[in-house]
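Construct the entire structure; sequences and hints are all you get.
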Amino acid sequence: MIQLTDIHKSYQVGNKQVEALKGVSLQVEKGQIYGVIGFSGAGKSTLLRTINLLEKPTSGSVIVNGQNMLTLKEKELRQARKKIGIIFQHFNLLSSYNVFDNVAEILRMNRVPKDVIKRKVEDLLGLVGLSDKANAYPSQLSGGQKQRVGIARALATDPEILLCDEATSALDPQTTESILELLLDINRKFNLTIVLITHEMQVIKKICDQVAIMENGVVIEQGSVLDVFSNPQEQTTRNFIKTVFDDQVPQEILSKIKETGPVSKIVRVAFRGDAALDPVLGTLSARFPISTNLLYGSITTIKGTALGILLLHISGEDQAIQDGIRFLRESVYRVDIVSPEEVRS
Amino acid sequence: MERLIEMIPVFGQSLQETVIMVGFSLFIATLIGIPLGILLVITQVNHLFPNKIIYHTLNTIINIVRSLPFIILMVAIIPFTELIVGTSIGIEGAIVPLIVYTSPYISRLMETALHDVDRGVIEAYQAMGASRTQIIFRIMLREARPGIVLCLTIATIGLIGATAMAGAVGAGGLGDLALRYGYQQWDIEVMIITVVILVVLVQLIQSLGNWAARKLKKSA
Chain A
1 MIQLTDIHKS YQVGNKQVEA LKGVSLQVEK GQIYGVIGFS GAGKSTLLRT INLLEKPTSG
61 SVIVNGQNML TLKEKELRQA RKKIGIIFQH FNLLSSYNVF DNVAEILRMN RVPKDVIKRK
121 VEDLLGLVGL SDKANAYPSQ LSGGQKQRVG IARALATDPE ILLCDEATSA LDPQTTESIL
181 ELLLDINRKF NLTIVLITHE MQVIKKICDQ VAIMENGVVI EQGSVLDVFS NPQEQTTRNF
241 IKTVFDDQVP QEILSKIKET GPVSKIVRVA FRGDAALDPV LGTLSARFPI STNLLYGSIT
301 TIKGTALGIL LLHISGEDQA IQDGIRFLRE SVYRVDIVSP EEVRS
Chain B
1 MERLIEMIPV FGQSLQETVI MVGFSLFIAT LIGIPLGILL VITQVNHLFP NKIIYHTLNT
61 IINIVRSLPF IILMVAIIPF TELIVGTSIG IEGAIVPLIV YTSPYISRLM ETALHDVDRG
121 VIEAYQAMGA SRTQIIFRIM LREARPGIVL CLTIATIGLI GATAMAGAVG AGGLGDLALR
181 YGYQQWDIEV MIITVVILVV LVQLIQSLGN WAARKLKKSA
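In the order they appear, the protein sequences are chains A and B. Using our numbering, the first residue of the first sequence is number 1, and each one after it goes up by one. Using our numbering, the first residue of the second sequence is number 1, and each one after it goes up by one.
Hints listed in this document are in silico derivations from the structure and should not be mistaken for laboratory results. If you're wondering where the values come from, they're calculated on a predicted model, not measured in any experiment. Take the hints with a grain of salt, since some may be wrong.
Unchecked claim - The calculated lysine-lysine pairs, modelled on PhoX-like cross-linking and capped at a C-alpha distance of 25 Å, are:
no.	chain 1	residue 1	chain 2	residue 2
1	A	133	A	114
2	A	256	A	30
3	A	56	B	52
4	A	16	B	52
In structure tokens, the structure reads:
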């Protein structure tokens with residue numbers, strides 16, 4: 001649906017060349033919710049804006065819906081943009097129009113017949129839960145309500161893609177939650193592809209299927225949200241995940257365990273969904289001559305799928321530990337050896 | 001007092017002349033100033049129609065005209081005024097310099113008003129596939145309405161001040177009245193009444209402008 005290949009973007013700031021994107025590639029499939037996370041200045045907003053060419057990349061290719069966006073003429077680009085909705089952190093509503101007109105204006109510009117507009121806008125306001133606010137002005141709405149108007153407006157042209165530019169960053173946690181629910185809802189209802197950028201891991205965790213982590217203009221890690229959460233590779237990724245659950249083993253414990261040598265290991269176990277109900281740990285202790293100590297345990301929901309993370313301290317004979325870990329690998333989603341440090345190939 | 005009552009028609013006549021001069025030149029100056037103001041905004045770097053040449057030319061011309069005090073401008077452009085209306089005195093003779101004086105003023109104020117339109121809103125409509133003309137006429141001008149009203153209010157008040165000086169070319173109006181009776185004949189009473197009329201006029205216009213801008217803003 002969206003294919004960005006080797007996107008570079010540099011700006012001229014004074015007489016300095018600033019590189020905002022240094023060769024970013026990513027691919028979003030139809031119906032996916034794709035999240036890009038990074039600290040401010042990582043280049044994620046620039047990246048998002050290359051999809052509808054609000055930012056023109058210095059080099060690279062942007063293919064949306066099979067169309068090479070960079071070769072389009074102005075008129076064709078405007079046509080293509082109608083299929084790509086966008087919502088913003090600061091909503092960007094028209095202050096002099098009421099809610100109805102905010103949604104209707106783009107349809108009027110597109111010369112949609114009046115009665116069609118009326119029906120359409122009413123439907124959209126119903127969808128976002130603002131039917132009773134049609135005559136209110138943006139200044140009379142709360143942040144969450146403004147973003148709902150933004151969503152209704154973005155959907156007015158029947159887009160196939162919705163871009164969310166920090167859409168929940170100006171909202172409180174509860175409102176964020178409800179806006180995310182709404183996005184999930186329209187994603188399912190219309191099989192709408194959503195690309196969102198955020199600096200909040202909560203947002204990724206709640207609605208995204210795929211995630212890319214950006215730092216200094218490059219994507220440092222990407223994959224399914226479940227995979228990235230259960231086995232993050234990069235420190236920045238770990239830092240982001242830490243904001244959702246903190247499974248770092250305190251240094252003192254690590255060094256104590258290290259002293260005991262090969263007779264013990266710390267293992268990070270990730271399990272999904274129903275596996276949470278299997279008595280894996282019981283079986284582990286019963287079948288292998290090892291002792292298992294639970295250092296940390298947490299369970300969280302990632303887009304409706306439960307993801308459990310356990311840190312186990314396993315001690316016993318080397319062979320027994322190996323067998324035990326093999327058994328774990330067969331029974332749960334993922335097993336990673338935390339300490340002693342596993343050599344990664 | 002009796003003398004003042006006798007003079008009521010004179011005041012009326014002067015007020016009428018002021019209103020005609022202000023009204024007419026405001027109308028034409030707005031027709032010139034608003035498009036120039038739009039041009040001044042959209043030709044800037046990173047705006048809808050970036051064009052350095054148009055922007056800098058316009059910017060310089062506006063600055064030059066704006067740096068001249070009205071009385072000097074009026075004299076300086078006498079040949080131009082004669083070319084346009086055939087005379088450089090009377091109401092016609094005053095209206096041309098009034099327009100030349102006010103148009104750049106309005107375009108500068110327009111520039112500010114249009115700049116206040118949130119960049120993000122313009123971007124939002126670009127992203128939705130609106131054309132640049134649609135963005136100018138349906139988004140920017142509409143969103144800037146409160147600012148535009150205030151800009152025209154300020155321009156009107158500025159014009160009233162300038163018309164007073166137009167008395168110097170025999171254009172009449174309240175300023176001329178104050179000049180002839182108040183200054184040349186040292187008639188304090190006429191002077192005071194003229195001042196009062198001017199103050200009330202300016203107050204009325206400013207209040208009207210504020211009210212209209214508030215109405216348009218629709219902010220709760």
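To see whether the hints hold, each was checked on the structure:
1. A:133 - A:114: holds, 20 Å
2. A:256 - A:30: violated, 49 Å
3. A:56 - B:52: holds, 20 Å
4. A:16 - B:52: holds, 21 Å
The structure fails to meet hint 2 from the earlier list, while all remaining hints are met.
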